[in-house]
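The whole structure should be built from the sequences, with the hints applied where relevant.
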Amino acid sequence: MVVSSGKMHPMHERLSLYIHRESVLHRLNPLTKLTLTFALILIAYLSPWYWTGSMLIAVVIAPLSFVGRVQREYAWAALRLLAPATGFIFVMQSFFLPGGQTELFRFAFLRLTSETLAQGYLTAIRIFVMVSAFILFLLTTHPSALMTDLTRRGLPSQLAYVIVSTLQIIPQMESKAQTIIAAQRSRGLDTEGTFLKRVRALVPLVGPLVFGSLVEVEERAIAIEARGFTSPRPKTFLHELPDTRTDKIIRWGLVFLVLLTLGANAWLS
Amino acid sequence: MALVTLENVTYRYPLTETPVLKGIHLSVEEGEFVAIIGPNGAGKSTLCYAISGFIPHFFKGELSGSVRVAGREVRETALSEWVTRVGLVFQNPFSQISGAKYTVYEEIAFGLENLGIPPEEMKARVEETLELTGIRSLAERSPYSLSGGQQQRVALASILVMRPRVLVLDEPTSQLDPIGAREVFGVIRAMSQKGMTVILVEHKIEWIAAFADRVIALHEGEILMEGTPDEVLTHSDLPARGFGVSRYTQTARAAAQQGLWPDSLPLPVTLEQAVEGFKTRNSSAP
Numbered sequence: 000m001v002v003s004s005g006k007m008h009p010m011h012e013r014l015s016l017y018i019h020r021e022s023v024l025h026r027l028n029p030l031t032k033l034t035l036t037f038a039l040i041l042i043a044y045l046s047p048w049y050w051t052g053s054m055l056i057a058v059v060i061a062p063l064s065f066v067g068r069v070q071r072e073y074a075w076a077a078l079r080l081l082a083p084a085t086g087f088i089f090v091m092q093s094f095f096l097p098g099g100q101t102e103l104f105r106f107a108f109l110r111l112t113s114e115t116l117a118q119g120y121l122t123a124i125r126i127f128v129m130v131s132a133f134i135l136f137l138l139t140t141h142p143s144a145l146m147t148d149l150t151r152r153g154l155p156s157q158l159a160y161v162i163v164s165t166l167q168i169i170p171q172m173e174s175k176a177q178t179i180i181a182a183q184r185s186r187g188l189d190t191e192g193t194f195l196k197r198v199r200a201l202v203p204l205v206g207p208l209v210f211g212s213l214v215e216v217e218e219r220a221i222a223i224e225a226r227g228f229t230s231p232r233p234k235t236f237l238h239e240l241p242d243t244r245t246d247k248i249i250r251w252g253l254v255f256l257v258l259l260t261l262g263a264n265a266w267l268s
Numbered sequence: 000m001a002l003v004t005l006e007n008v009t010y011r012y013p014l015t016e017t018p019v020l021k022g023i024h025l026s027v028e029e030g031e032f033v034a035i036i037g038p039n040g041a042g043k044s045t046l047c048y049a050i051s052g053f054i055p056h057f058f059k060g061e062l063s064g065s066v067r068v069a070g071r072e073v074r075e076t077a078l079s080e081w082v083t084r085v086g087l088v089f090q091n092p093f094s095q096i097s098g099a100k101y102t103v104y105e106e107i108a109f110g111l112e113n114l115g116i117p118p119e120e121m122k123a124r125v126e127e128t129l130e131l132t133g134i135r136s137l138a139e140r141s142p143y144s145l146s147g148g149q150q151q152r153v154a155l156a157s158i159l160v161m162r163p164r165v166l167v168l169d170e171p172t173s174q175l176d177p178i179g180a181r182e183v184f185g186v187i188r189a190m191s192q193k194g195m196t197v198i199l200v201e202h203k204i205e206w207i208a209a210f211a212d213r214v215i216a217l218h219e220g221e222i223l224m225e226g227t228p229d230e231v232l233t234h235s236d237l238p239a240r241g242f243g244v245s246r247y248t249q250t251a252r253a254a255a256q257q258g259l260w261p262d263s264l265p266l267p268v269t270l271e272q273a274v275e276g277f278k279t280r281n282s283s284a285p
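Going down the list, the sequences are from chains A and B.
Per numbering that gives the first Met the number 0: the first sequence = residues 0 to 268.
Per numbering that gives the first Met the number 0: the second sequence = residues 0 to 285.
Quick caveat, the hints were computed from the structure, so don't treat them as lab data.
Idealized CB from N, CA, C, for every residue including glycine.
Incorrect hints may have been included.
[Claimed, not checked] Straight-line alpha carbon distances no greater than 16 Å define the calculated EDC-like cross-link-like pairs of lysine to aspartate or glutamate that follow:
{"id": "1", "chain 1": "B", "residue 1": "203", "chain 2": "B", "residue 2": "182"}
{"id": "2", "chain 1": "B", "residue 1": "193", "chain 2": "B", "residue 2": "130"}
{"id": "3", "chain 1": "B", "residue 1": "59", "chain 2": "A", "residue 2": "217"}
{"id": "4", "chain 1": "B", "residue 1": "193", "chain 2": "B", "residue 2": "127"}
{"id": "5", "chain 1": "B", "residue 1": "21", "chain 2": "B", "residue 2": "219"}
{"id": "6", "chain 1": "A", "residue 1": "175", "chain 2": "A", "residue 2": "239"}
{"id": "7", "chain 1": "B", "residue 1": "59", "chain 2": "B", "residue 2": "75"}
{"id": "8", "chain 1": "B", "residue 1": "203", "chain 2": "B", "residue 2": "221"}
{"id": "9", "chain 1": "B", "residue 1": "21", "chain 2": "B", "residue 2": "61"}
{"id": "10", "chain 1": "A", "residue 1": "234", "chain 2": "B", "residue 2": "119"}
{"id": "11", "chain 1": "A", "residue 1": "234", "chain 2": "B", "residue 2": "80"}
{"id": "12", "chain 1": "B", "residue 1": "122", "chain 2": "A", "residue 2": "239"}
{"id": "13", "chain 1": "B", "residue 1": "193", "chain 2": "B", "residue 2": "29"}
{"id": "14", "chain 1": "B", "residue 1": "21", "chain 2": "B", "residue 2": "221"}
{"id": "15", "chain 1": "A", "residue 1": "234", "chain 2": "B", "residue 2": "120"}
[Unchecked claim] From the derived model, a few chain A residues whose C-beta atoms are all more than 10 Å from chain B:
{"id": "16", "residue": "80"}
{"id": "17", "residue": "104"}
{"id": "18", "residue": "159"}
{"id": "19", "residue": "202"}
{"id": "20", "residue": "231"}
{"id": "21", "residue": "243"}
Here is the structure:
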């Protein structure tokens, strides 16, 4: 059993990016932030202007990470995870997209044109916006706050339960898998060597993990039934999640912006 | 009038031939502390499920006879209603953590959210339960970061906060270390002293002797005997039928065969009773 202090929640323990800070962004209603996330993505993909994605990152997403006081975590994720991935997409698209007239560079089978370069950058930056927006959302929104809010708005509580409990139980299963691996190794199971050998070694590991988990599922079902999960009475919520007028204005504003972008896209094409 | 009444309860799990419970008659008074003992496969857990409504609402199969709590019949009451009368805590602390909540405080409130209790009352009840179970210091921790004993107290608190009239515990300490077990027993005892009706399945015979008002010995789905802890726990029929027996009882029984136990005293269950007996014997010995 992992024992950790109450304040620290290492990510691997709960499979969540959430960083607890005091900020305007943290205080926004989860639905508002979810709307913002999707609005950013839609605008990046729909906008007819070439530099929209780059502008969104520079003018909206990066500044918002400071507003949410998660700029360091955001920068870390953007540079260490996202930049290499999107950089790879950029390079691949630039060199291997078919078509393109204006040749800039040619070496053996590699061919770079200004058209594929532009297209590669556009694709990469759109993916950058999409993942960035989600990272920012997840950094500032607690999964249970999101689910509570969506449940209140009519999401079935069973579905919310499945999502939140999965986020929590996967890390637990991972540590259980480690225990089983150690137990089987101590009985002489060889988990190293060639690929085939490793695949074969999986069999005695998966059995106990899967069957053990199935037994646990029944017990957990009993445990949550014992706490009235299927009660037909309308649920109440421990934490009040404020949904202010500002939230509503922001949401409608975002919807308006997306429609505007859609209109511009239709108008210009 | 008895709070819990079982009349001629027979139950068979789905797809099985032989019943696990056979004609059980049991009544438990309000505020009583009843312990259930029995070897593996005696039907102890099944009896717990029958009292707590999981039979017939969760486990299908064939139930006959009547299970009543506070005058209501289990078959005519929805499970989500029944759990507000009878609370169930079982062995595995880990699988009793809902997984839906990120702090102990929220975890305890989970049941009240499901029942639609207003937030103000919810907070008051959670606070009260945190005190009662001695886990105030854990309130902001993740339930998954706790030790087994702490998790089991959270599970217990999560049930107690719903204020059931009867608390059913199915081997609540069997997966805990001695310290964790003592903490959990401490809470159970405190609840009993506050007047809660407790039905406890337990292997730790010495704890039962110290806490229970009445002991029921279950064997192959039938009640073999029932009575006070001293009567039942030291009964000479138990070891041969696979029941756990206190080591002090075993010692004193072996000693009695050698004439080393005072005839005037019953066999002991706890260490204190054993010491008392040997003292008596030694002071009267020539």
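Against the structure, the hints come out as follows:
Of the supplied pair hints, the one linking residue 203 of chain B and residue 182 of chain B holds, its CA atoms being roughly 14 Å apart against a limit of 16 Å. At most 16 Å may separate the alpha-carbon atoms for a hinted pair to count; residue 193 of chain B and residue 130 of chain B meet this at roughly 14 Å. For a cut-off of 16 Å, the pair hint linking residue 59 of chain B to residue 217 of chain A stands: about 14 Å separates their Cα positions. For a cut-off of 16 Å, the pair hint linking residue 193 of chain B to residue 127 of chain B stands: about 14 Å separates their Cα positions.
The hinted pair formed by residue 21 of chain B and residue 219 of chain B meets the criterion: a straight-line CA distance of about 8 Å does not exceed 16 Å. For the suggested pair residue 175 of chain A and residue 239 of chain A, the alpha carbons sit about 35 Å apart, so the restraint of at most 16 Å is broken. Between residue 59 of chain B and residue 75 of chain B the CA atoms are separated by roughly 15 Å; this keeps the pair inside 16 Å, and the hint holds. A C-alpha spacing of about 21 Å is found between residue 203 of chain B and residue 221 of chain B, which places the hinted pair above 16 Å, so the restraint is violated.
Simply put, residue 21 of chain B and residue 61 of chain B have alpha-carbon atoms about 12 Å apart, close enough for the 16 Å limit, and the pair holds. A threshold of 16 Å between alpha carbons decides the hint, and for residue 234 of chain A with residue 119 of chain B the separation of about 14 Å falls inside it, so the pair holds. As the CA atoms of residue 234 of chain A and residue 80 of chain B are separated by approximately 14 Å, the hinted pair is consistent with the 16 Å bound. For the suggested pair residue 122 of chain B and residue 239 of chain A, the alpha carbons sit about 12 Å apart, so the restraint of at most 16 Å is met.
Between residue 193 of chain B and residue 29 of chain B the alpha-carbon distance is near 12 Å, which keeps this suggested pair within the 16 Å criterion. Our distance criterion of 16 Å between C-alpha atoms is met by residue 21 of chain B and residue 221 of chain B, whose separation comes to about 6 Å. Of the supplied pair hints, the one linking residue 234 of chain A and residue 120 of chain B holds, its CA atoms being roughly 14 Å apart against a limit of 16 Å. For residue 80 of chain A, the requirement that its beta carbon stay farther than 10 Å from each beta carbon of chain B is met, with the minimum near 24 Å.
Every CB of chain B lies more than 10 Å from the CB of residue 104 of chain A, the least distance being 52 Å, so the non-interface label holds. Some Cβ of chain B comes within 10 Å of the Cβ of residue 159 of chain A; the nearest lies about 8 Å off, and the non-interface call is violated. The Cβ of residue 202 of chain A lies farther than 10 Å from every Cβ of chain B, with a closest approach of about 25 Å, so its non-interface assignment holds. Not every beta carbon of chain B lies more than 10 Å from that of residue 231 of chain A, the smallest distance being close to 7 Å; the non-interface claim is violated.
Every CB of chain B lies more than 10 Å from the CB of residue 243 of chain A, the least distance being 18 Å, so the non-interface label holds.
Taken one by one, the earlier hints fail for this structure at numbers 6, 8, 18, 20, listed in ascending order.
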